[in-house]
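So the number in this note's numbering is just where the residue sits in the sequence shown, counting from 1, plus 2.
Because the hints were derived from the structure by calculation, they are not lab data. Think of the CB as a built atom: it goes at the ideal place given N, C-alpha and C, for glycine as much as any other residue. Certain hints may be false.
Per label pair, the in silico range of CB-to-CB distance [as the list claims (entries may be wrong)]:
no.	residue 1	residue 2	range
1	116	145	18 to 26 Å
2	86	174	20 to 28 Å
3	178	63	37 to 45 Å
4	89	161	23 to 31 Å
5	108	144	13 to 21 Å
6	63	93	28 to 36 Å
7	79	174	32 to 40 Å
8	143	91	30 to 38 Å
9	86	149	29 to 37 Å
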Amino acid sequence: MAERVWLGVWPGMRPGILLAAGLAAALVLSGPAVAAGLEELAAEGEGGAWSGDFPPLRSDNDLEIAAGMIVDGDLEGSIPVLNGVLARNPANADALNLLGYVSRRLGDFEAALGYYNQALEADPHHLGALNYLGYAYLGLDDTDAATEVLGRLQAICTEGCAEADDLAAAIDAYEAGFPIQ
Numbered sequence: 003m004a005e006r007v008w009l010g011v012w013p014g015m016r017p018g019i020l021l022a023a024g025l026a027a028a029l030v031l032s033g034p035a036v037a038a039g040l041e042e043l044a045a046e047g048e049g050g051a052w053s054g055d056f057p058p059l060r061s062d063n064d065l066e067i068a069a070g071m072i073v074d075g076d077l078e079g080s081i082p083v084l085n086g087v088l089a090r091n092p093a094n095a096d097a098l099n100l101l102g103y104v105s106r107r108l109g110d111f112e113a114a115l116g117y118y119n120q121a122l123e124a125d126p127h128h129l130g131a132l133n134y135l136g137y138a139y140l141g142l143d144d145t146d147a148a149t150e151v152l153g154r155l156q157a158i159c160t161e162g163c164a165e166a167d168d169l170a171a172a173i174d175a176y177e178a179g180f181p182i183q
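Kindly generate the complete structure, drawing on both the sequences and the hints.
Okay, here's the thing in structure tokens:
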């Protein structure tokens with residue numbers, strides 16, 4: 003009886019080895035694309051400075067998928083993906099921060115504030131959530147609250163950080179009459 007050849011696997015080779023090699027190659031090849039997409043999102047976003055903190059994708063592949071959707075402009079499509087992350091981990095500060103970002107970009111500032119505050123309950127030092135919370139307050143014409151958030155960022159970033167610098171520049175621009183998204 004002849005040995006079966008399955009999907010190009012030669013006789014005696016275990017299919018699991020081919021699958022593992024394929025998955026490893028896919029991860030290696032897709033990693034730079036995801037990182038490039040996040041850098042593009044940050045560059046198009048509020049300050050253009052990539053700090054590595056938006057989003058700090060820590061453990062859930064769906065966060066990377068949602069971030070890619072956001073980069074591609076599919077804000078509404080990212081919402082169910084992010085909600086799936088929260089169904090598995092309701093205190094995922096990164097998913098809450100991204101939902102806040104999406105809500106704010108869609109013009110729902112009240113929902114954005116809620117998501118940012120939930121993210122900060124889960125991680126009080128989440129630099130991205132603090133930065134975007136400041137932007138949400140600017141969108142609501144509340145420079146006092148945005149300035150307070152800037153103070154919180156500066157207290158955390160004692161040696162400076164892109165998020166604090168970005169929010170400070172946004173507050174200055176807002177006060178000079180430039181529109182803020």
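Verification of the supplied hints:
1. In this structure, residue 116 and residue 145 meet the distance hint of 18 to 26 Å, their C-beta atoms being roughly 21 Å apart.
2. Restraint check, residue 86 to residue 174: a C-beta distance of roughly 38 Å breaks the suggested window 20 to 28 Å.
3. Judged by the Cβ atoms, the range 37 to 45 Å given for residue 178 and residue 63 holds: they are separated by roughly 41 Å.
4. The hinted range of 23 to 31 Å is not satisfied by residue 89 and residue 161, whose Cβ atoms lie roughly 37 Å apart.
5. At about 19 Å, the CB distance of residue 108 to residue 144 agrees with the hint of 13 to 21 Å.
6. Checked against the given bound of 28 to 36 Å, the beta carbons of residue 63 and residue 93, roughly 18 Å apart, lie outside it.
7. In this structure the hint that residue 79 and residue 174 lie 32 to 40 Å apart at CB holds, the actual value being about 34 Å.
8. Checked against the hint of 30 to 38 Å, the pair residue 143 and residue 91 passes, with Cβ atoms roughly 34 Å apart.
9. With their beta carbons about 36 Å apart, residue 86 and residue 149 fall inside the hinted range of 29 to 37 Å.
The structure is inconsistent with the numbered hints 2, 4, 6, although it conforms to all the rest.
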